[in-house]
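Asker: One letter stands for each residue in the lines below.
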Amino acid sequence: QKEVEQNSGPLSVPEGAIASLNCTYSDRGSQSFFWYRQYSGKSPELIMSIYSNGDKEDGRFTAQLNKASQYVSLLIRDSQPSDSATYLCAVPQRQAGTALIFGKGTTLSVSS
Amino acid sequence: DAGVTQSPTHLIKTRGQHVTLRCSPISGHKSVSWYQQVLGQGPQFIFQYYEKEERGRGNFPDRFSARQFPNYSSELNVNALLLGDSALYLCASSLGDTLNTEAFFGQGTRLTVV
Chain A
1 QKEVEQNSGP LSVPEGAIAS LNCTYSDRGS QSFFWYRQYS GKSPELIMSI
51 YSNGDKEDGR FTAQLNKASQ YVSLLIRDSQ PSDSATYLCA VPQRQAGTAL
101 IFGKGTTLSV SS
Chain B
1001 DAGVTQSPTH LIKTRGQHVT LRCSPISGHK SVSWYQQVLG QGPQFIFQYY
1051 EKEERGRGNF PDRFSARQFP NYSSELNVNA LLLGDSALYL CASSLGDTLN
1101 TEAFFGQGTR LTVV
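First to last, the protein sequences are chains A and B.
For what it's worth, my numbering labels the leading residue of the first sequence as 1, then goes sequentially.
For what it's worth, my numbering labels the leading residue of the second sequence as 1001, then goes sequentially.
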């Protein structure tokens, strides 16, 4: 059974700090990785995709991928209270089309 | 452009009843996937359809079924509802069917079974 693991948190950081969210996956052959943000009571929103080892930056968000260690992380710089949400890591389940396997999510709380 | 639209947004059903949830993908997207999300968990994959063909099925009982129409919209049907079927049901739309394809979610349907 392919798995995606995340620390459920909550992760609490002060406004302006860097929030670091981590995710590990079991399928060594995985090639694509996605981060979603989910506000309470809402649906997941895609915020980052990463396919190659290294870093990918988009505004205040940086995704980091290390395939050898089978982990992917999301850094949020200059955290804002509006970043308070649950962050979901997702990896395609290669044996079922492009269906995504999600971690349980990490809840981030940014205090002002 | 309209995003993924799901209907209804909220639904209350009684145990044993049947329910149909609907999804319209982003214009031009040919793949639709369905997920179930219970409180405190990540979404769990139920079905994927691409070009009207089933491409994948998650570990859900046969009470769950789905289909995709020629206009790429999709329905999820659940028969003989159980209390445990209460969840947020999410539809995700994708342009294609490759592993690097990004998926975009609708607002979800909140199903409560009483």
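In case anyone wonders, no lab produced these hints; they're calculated from the structure.
Mixed in with the good hints there might be a few duds.
Subject to a maximum C-alpha distance of 27 Å in a straight line, what follows is the list of computed DSS-like cross-link-like pairs (lysine-lysine) [said to hold, decoys possible]: (1) A:K2 with B:K1030; (2) B:K1013 with A:K2; (3) A:K104 with A:K56; (4) B:K1013 with A:K56.
Asker: Determine for every hint whether it applies to the structure shown.
Answerer: Structure-based check of each hint:
{"no.": "1", "hint": "A:K2 with B:K1030", "result": "26 Å, holds"}
{"no.": "2", "hint": "B:K1013 with A:K2", "result": "33 Å, violated"}
{"no.": "3", "hint": "A:K104 with A:K56", "result": "23 Å, holds"}
{"no.": "4", "hint": "B:K1013 with A:K56", "result": "44 Å, violated"}
When the structure is compared with the earlier hints, violations turn up for hints 2, 4 and for no others.
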